[in-house]
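Below, each chain spelled out in residue letters.
Protein chains: 4
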Amino acid sequence: MSIQEERSSRMKSQDLIAGPWHAAIFRVRYQETDQMGVVYHSNYLNWFEIGRTEMLRELGFTYAGLESQGVLLPVLSAELNYKRSARYDDLVVVYTRMTAFTPLRITYDYEIRRAAEEDSKISVPESGFCEAPGGELLVTGSTAHAWVSREMRPVRLDRTLPDAYNAIWSALEQKGGAL
Amino acid sequence: MSIQEERSSRMKSQDLIAGPWHAAIFRVRYQETDQMGVVYHSNYLNWFEIGRTEMLRELGFTYAGLESQGVLLPVLSAELNYKRSARYDDLVVVYTRMTAFTPLRITYDYEIRRAAEEDSKISVPESGFCEAPGGELLVTGSTAHAWVSREMRPVRLDRTLPDAYNAIWSALEQKGGAL
Amino acid sequence: MSIQEERSSRMKSQDLIAGPWHAAIFRVRYQETDQMGVVYHSNYLNWFEIGRTEMLRELGFTYAGLESQGVLLPVLSAELNYKRSARYDDLVVVYTRMTAFTPLRITYDYEIRRAAEEDSKISVPESGFCEAPGGELLVTGSTAHAWVSREMRPVRLDRTLPDAYNAIWSALEQKGGAL
Amino acid sequence: MSIQEERSSRMKSQDLIAGPWHAAIFRVRYQETDQMGVVYHSNYLNWFEIGRTEMLRELGFTYAGLESQGVLLPVLSAELNYKRSARYDDLVVVYTRMTAFTPLRITYDYEIRRAAEEDSKISVPESGFCEAPGGELLVTGSTAHAWVSREMRPVRLDRTLPDAYNAIWSALEQKGGAL
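Chains as they are written, first to last, in the numbering used here: chain Y, 19 to 197; chain R, 19 to 197; chain Z, 19 to 197; chain H, 19 to 197.
Incorrect hints may appear among the rest.
Put simply, identical chains are the same to the list, so a pair is met inside one copy or across any two.
As the list claims (entries may be wrong) - Keeping only pairs whose Cα atoms sit at most 20 angstroms apart, straight-line, the calculated SDA-like set for lysine to any residue is:
id: 1; residue 1: K193; residue 2: R168
id: 2; residue 1: K101; residue 2: Q192
id: 3; residue 1: K193; residue 2: P38
id: 4; residue 1: K193; residue 2: T125
id: 5; residue 1: K193; residue 2: L155
id: 6; residue 1: K193; residue 2: R47
id: 7; residue 1: K193; residue 2: R174
id: 8; residue 1: K193; residue 2: P92
id: 9; residue 1: K193; residue 2: V89
id: 10; residue 1: K101; residue 2: S160
id: 11; residue 1: K101; residue 2: M170
id: 12; residue 1: K193; residue 2: S103
id: 13; residue 1: K101; residue 2: F79
id: 14; residue 1: K101; residue 2: V89
id: 15; residue 1: K193; residue 2: L109
id: 16; residue 1: K193; residue 2: E154
id: 17; residue 1: K101; residue 2: Y183
id: 18; residue 1: K193; residue 2: A164
id: 19; residue 1: K101; residue 2: P172
id: 20; residue 1: K101; residue 2: R123
id: 21; residue 1: K193; residue 2: G55
id: 22; residue 1: K101; residue 2: C148
id: 23; residue 1: K101; residue 2: Q87
id: 24; residue 1: K101; residue 2: R45
id: 25; residue 1: K193; residue 2: S86
It is worth saying that the hints were derived from the structure and are not from the lab.
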């Protein structure tokens with residue numbers, strides 16, 4: 019059985035994966051605060067998207083590139099749980115991992131955490147895949163997405179962009195996700 | 019048994035309510051679109067807040083007024099289900115109803131629908147309580163909130179602002195919610 | 019000399035107009051505030067666009083309609099002067115008037131003012147053309163725009179969409195702008 | 019004449035400075051695009067603020083720190099000139115420099131430029147002071163600000179926070195701005 023067939027058979031029985039966590043780090047913007055003195059709650063959804071974008075880049079792809087090839091990935095549903103508030107100028111980390119990657123859809127889990135500032139000069143630490151999320155937990159959440167064409171019709175990624183589909187699988191396996 | 023006692027006893031056994039639907043109507047802003055040509059998905063959370071704000075106003079209160087009395091209502095959790103996309107300049111309606119109103123918290127359900135334009139001159143129709151949501155369904159969702167002090171500590175609304183608490187109950191009963 | 023020729027000759031010598039003021043009224047959103055407790059300063063640019071959109075609608079057109087016919091109107095420059103701050107739930111009015119309308123470009127002036135609330139129940143007053151701006155002055159500004167194609171190349175509106183071009187002129191004249 | 023007196027005398031005669039350019043680099047977010055397929059024009063004002071924030075941090079201060087000491091720096095006016103559009107996932111640089119720093123106010127110039135991507139893996143290059151702006155010019159602009167108290171009354175920074183005032187001057191001098 020070829021690798022391709024193995025993957026294919028595994029995917030028939032089990033599409034769920036627990037991919038590795040990816041960290042994307044940035045500063046909270048003044049514009050993102052509200053008059054409660056904390057980050058307005060809808061901004062975390064924007065941050066989830068930063069997490070997805072940077073994780074895909076780390077896998078060797080860009081979401082912009084997929085879109086230019088005619089494949090979009092709109093949000094089907096989203097869930098957010100707010101535990102603590104991010105504040106202006108906080109160094110926050112969006113941890114992102116795939117919880118499903120199939121020819122038809124992707125689901126993601128997120129954790130947004132406040133990073134400790136060891137040094138006030140650190141303005142933009144590095145991002146990348148990591149063992150486990152660290153920092154003070156602020157918000158958790160998840161989103162579900164479907165692959166669609168520019169006309170918003172469902173497409174199978176393995177048929178529309180088979181190279182991208184296989185390469186994302188390989189990259190995920192290499193990064194050590196529990197597939 | 020006084021009305022107060024009745025309410026109090028009912029609330030002990032059953033805090034859940036299905037309040038009446040409230041409609042708030044507005045136009046989609048250009049700034050709210052993204053390069054997919056539709057409204058960016060985090061904006062619906064902003065719109066849910068418009069729904070809450072206008073519903074409370076219709077009940078005779080303003081959220082700004084409660085806040086100036088020291089009671090805030092941050093979001094604990096949120097859920098969104100995206101069915102269809104709103105587009106620039108669409109006339110959209112946020113339908114909002116309370117699904118719980120207790121001394122400690124409030125939960126809301128939402129439906130965002132596209133209103134038909136009978137006349138291109140209609141720029142801002144009226145909003146208010148209504149029998150049932152109408153228009154093309156775009157997004158459904160819910161949010162949960164807790165009453166807190168400015169220091170973000172939980173407060174009981176019935177003790178901190180008893181007049182507001184009772185008046186909101188009365189207004190809800192009058193509007194015909196199935197309490 | 020026909021009306022068309024008159025207009026054309028006047029435009030050759032003098033493209034500048036001082037169109038009538040148009041009012042668009044809405045509530046400040048919680049999301050638009052920042053931790054200073056006032057509206058974050060970039061939101062006024064979003065509000066200017068609401069002013070342009072609603073003014074064009076009142077003239078019998080929609081910007082969405084022009085765009086679907088392939089004519090876009092991107093911003094070339096913008097200027098804002100902040101005098102006082104809008105706050106959450108304020109009833110604000112964007113006053114908009116054209117200061118130039120030519121086959122190649124449009125410029126606008128804006129005044130953002132706080133409307134007095136005679137009645138807390140007033141959530142969305144009517145908008146439309148008016149004699150002169152009223153209310154507490156918050157922000158003034160201006161923007162300049164060019165008509166372009168979808169490929170972002172300059173177009174002459176009088177050649178690309180002559181009906182729209184003439185109709186906007188007629189509507190402006192009818193509304194009593196000092197052309 | 020002490021350094022303090024020298025500085026003071028120079029400031030009496032000449033408050034204008036041309037500080038060194040500071041670069042802050044980041045990726046364009048999907049949420050920042052609009053249906054024209056480019057960044058919505060009000061976002062550049064948000065980016066100017068990122069420029070100011072990161073430049074102050076590089077000088078050894080944080081705007082968050084100044085605010086917590088009771089000194090705010092609201093925007094009095096802003097000007098933007100749009101030359102080219104930023105797009106989703108572009109690597110953009112906000113170049114910021116002070117053009118005035120006085121006890122009463124600060125003014126800034128900005129250039130927003132698109133950075134070349136030598137390597138698609140570069141997600142967040144370093145920022146800091148630099149000789150001259152580089153990259154494709156997209157937007158230029160300026161903002162003016164006044165030091166105020168939490169009650170929005172003008173304050174003199176040299177009296178309210180003399181240490182901060184002098185330290186910012188020293189840092190600017192050290193960074194080689196043509197003071």
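- Query: Among all the numbered hints in the text so far, which are the ones the structure does not match?
  - Reply: Violated hints (numbers, rising): 1, 2, 5, 6, 7, 8, 9, 12, 13, 15, 16, 17, 18, 21, 22, 23, 25; every other hint is consistent with the structure.
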